[in-house]
Amino acid sequence: MGEDAQLVTQIRGGDLDAFEALYHKYKRSLYHTALAITGNAGAAEEALQDCFVRAYAAMERVDASHPLAPWLHRIIVNLSYNWIGRTQRWPLSLDAFVDRLLCGPASCPEHCAEADELRSIVRDAVGSLSLKQRSVVVLFYFQGFTLAETAYILDCPVGTVKSRLHRASQALRSQLLEDRRLASELAYATL
Amino acid sequence: MSSLMQRSNAGKQLNELWADDEELGQLLRWSLATSIGNAEPSPEVWRAILERVGERRASGSAQHTSRRSTAPLTALVQTALIGCVVMTLGLGVRRDAIIARSNLAASTAPATERRIQGEQPEERLVGSVLSTTGEEQPYRVGGMIQEATLPG
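Taken in order, these protein sequences are the chains called A and B.
Heads up: the first sequence begins at 51 in the working numbering, then just goes up one per residue.
Heads up: the second sequence begins at 1137 in the working numbering, then just goes up one per residue.
Just chain B, with the same shape it has in the complex (with noise of 0.2 Å):
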């Protein structure tokens, strides 16, 4: 019983002492100073530090003389790229322009006329232009197309 009120006694003190987060803070901090706060990081760690840093500013300095070698070869390089384009682009703008003016020319006759140039126009009108060809033409007989060989 008498243990019973004790501990009871202890939690209300307990209660009141850490009502107040202020209070609870100075006991955090005065856990965490004493427990690590004499704590120290070994020599080795700025040695690595020290040695991980020295790498980085010898590739960097590795890596920025090598772009400044190349810088004038790229720049080169690009203005030909540059310069091929833009003749290209050129030159197919004139063509186009010259195609765009020859067929104008040529499209002065009909489109059907030009279509079969070369044949005479009476030949297109009596349909000999199919019997001229050398194939034979499938005909229909009773519904179903039959071969080209004529009967007979």
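In isolation and in its complexed conformation, chain A is listed as follows (with noise of 0.2 Å):
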């Protein structure tokens, strides 16, 4: 029996500190992916709780016999969106997030910025994608979800999956070749 397998059925006996156990294993990686998706904080923490609520509710019906992740991601994933509907925000770009993330006590040292500048770049990259897009590419490139997983996350056919990918993958490659911060900094590179 796997180890989600045993976590399902020490919960449907009751068991609180099991339920714990699977919030804790799995709380990073879903409010990482809803804070991709929604680019809040304060929004990623309360799908984050509305999927564990919704996890135990609905804990007689899992089936145990596959990992639990893509089934909780596909919760979250459905929470983000609502937010989104609800707020009527577009979640244009993780910036304000990121950057008092990192400009915390422990913020990066002055050779770190040209790294920071091209996360920059890319995170601006992936803002100007489309909810649909950003999702997938948050849930492949990001969480590491292979296709069929994506495709069940997302309710949606495994074709959908590649062809959102595919458009995704051409609007990020457009967008990177059009900042001029990128090119410049490789031109300098190059000298």
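Don't read these hints as lab results, they were simulated from the structure.
Hints may be right or wrong, so weigh each one.
Stated by the list, open to error - The following label-pair restraints were derived from C-beta to C-beta distances:
#1 B:W1166 to A:V208: 21 to 27 Å
#2 A:A108 to B:V1221: 37 to 43 Å
#3 B:E1159 to A:D113: 33 to 39 Å
#4 A:L181 to B:A1194: 35 to 41 Å
#5 B:D1157 to A:R111: 33 to 39 Å
#6 B:G1173 to A:S213: 24 to 30 Å
#7 B:D1157 to A:E167: 22 to 28 Å
#8 B:G1196 to A:G194: 33 to 39 Å
#9 B:C1220 to A:V208: 17 to 23 Å
#10 A:R104 to B:E1176: 56 to 62 Å
#11 A:D205 to B:E1176: 27 to 33 Å
#12 A:D65 to B:E1159: 53 to 59 Å
#13 A:Q56 to B:I1218: 26 to 32 Å
#14 B:I1218 to A:D65: 38 to 44 Å
As the list claims (entries may be wrong) - Calculated lysine to any residue pairs in the SDA-like style (CA-CA distance at most 20 Å, straight line):
#15 A:K75 to A:D113
#16 A:K75 to B:L1186
#17 A:K77 to B:G1173
#18 A:K75 to B:G1173
#19 A:K182 to A:Y202
#20 A:K212 to B:G1161
#21 A:K77 to B:A1175
Using N, Cα and C, we set each Cβ at its ideal position, and we do this for glycine too.
Fit the two chains together into the complex; they arrive one by one in their own frames, and the hints show the way.
Here's what the structure looks like:
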């Protein structure tokens, strides 16, 4: 029996420690997914909370023979979409959140400036994608789900995932090529 | 001119660099992981989850208990209702059978005779039934229906 299956069995028996173990196992990846989709830390925490409350309520029905990561991500992606639909807020960029994160007490030294610049460029490019393309990129590239798992999470056929990934890649490439900051940095580096 | 060439060279390099999806994937993974990879949800989230799950468990067990306590009563009411329905149906069937039999016994006479029971056959034949009702009947004069008062 897998670790997830064992936890599910214990949770079904009323074991809250097992539920806490499940939470700590998946909280980071779920939180990162919600954060990357919504671009809002508060919304990501709210989605994480709702996700585990719903997961607990549906624990009797879940198929414990499979890993729980795709199922939990499916819940949190839907909750993130709901938040965007409810607030009518388009997740343009993670910049505000990331700036707060990076400018804390342990902010990076000056020699990280170039890496920061590149990160910022890529973040902007990801932020310019449509919501569906962005979700596919986050799940496939960032979270490392397979095409089939991504299709399950987004509740669409694998072919749709492939086409969204293809379009997202094209959009990212053209966005990165058009970015003057990156072109000038690379040109400077080649001199 | 030289800046244009530099830009063109840079574009070529970027094209080559991200022609492969895997390269682009690596760049995305690195960018997102270093941007938000260290982000953690606050401990408040787990506390809030625990609170909501606790409420859910409490309300669930309360519902379960109340369901168990009302279960015998519900079963009793259901049994009584079913009993009533069965009895009603049973009596209805028997009554139908009796009525059918009595109807059968009563319908041995011809239908025309049953409709005006109590009247003498000769009265019907002479039409004296109409004259004995006491009601005045309209009559037709010159295509118009007149009141029942007879002239004279």
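Hints and how they fare:
Remark: the range hint 21 to 27 Å for B:W1166 to A:V208 is upheld by a beta-carbon distance near 26 Å. Here the CB-CB span from A:A108 to B:V1221 is close to 39 Å, well matched to the stated 37 to 43 Å. A hinted range of 33 to 39 Å for the beta carbons of B:E1159 and A:D113 is consistent with their spacing of about 36 Å. Distance hint for A:L181 and B:A1194: a CB-CB separation of about 38 Å, consistent with the stated range 35 to 41 Å.
With their beta carbons about 36 Å apart, B:D1157 and A:R111 fall inside the hinted range of 33 to 39 Å. Checking the proposed 24 to 30 Å range against B:G1173 and A:S213 shows it holds: the Cβ atoms sit about 28 Å from each other. As the Cβ distance of B:D1157 to A:E167 is approximately 23 Å, the hint placing it in 22 to 28 Å holds. A C-beta distance of roughly 36 Å is found between B:G1196 and A:G194, which places it inside the suggested range of 33 to 39 Å.
At about 59 Å, the beta-carbon gap between B:C1220 and A:V208 misses the expected band of 17 to 23 Å. Taken as a hint, the range 56 to 62 Å is violated for the pair A:R104 and B:E1176, whose Cβ atoms sit roughly 21 Å apart. Hint check: A:D205 to B:E1176, Cβ distance near 28 Å, so the stated range 27 to 33 Å holds. Range check, A:D65 to B:E1159: about 45 Å between beta-carbon atoms, so the 53 to 59 Å window is missed.
In this structure the hint that A:Q56 and B:I1218 lie 26 to 32 Å apart at CB is violated, the actual value being about 46 Å. Checked against the given bound of 38 to 44 Å, the beta carbons of B:I1218 and A:D65, roughly 42 Å apart, stay inside it. Taking the CA atoms of A:K75 and A:D113, the gap is about 18 Å. The hint holds against a cut of 20 Å. At most 20 Å may separate the alpha-carbon atoms for a hinted pair to count; A:K75 and B:L1186 meet this at roughly 16 Å.
A distance of roughly 12 Å separates the Cα atoms of A:K77 and B:G1173; the hinted pair therefore holds under the 20 Å criterion. Only pairs whose Cα atoms come within 20 Å are accepted, and A:K75 paired with B:G1173 is accepted, the gap being roughly 15 Å. About 14 Å separates the Cα atoms of A:K182 and A:Y202, which keeps this hinted pair within 20 Å; it holds. Restraint check for A:K212 and B:G1161: the C-alpha separation of about 14 Å stays at or below 20 Å, so the hint holds.
At most 20 Å may separate the alpha-carbon atoms for a hinted pair to count; A:K77 and B:A1175 meet this at roughly 11 Å.
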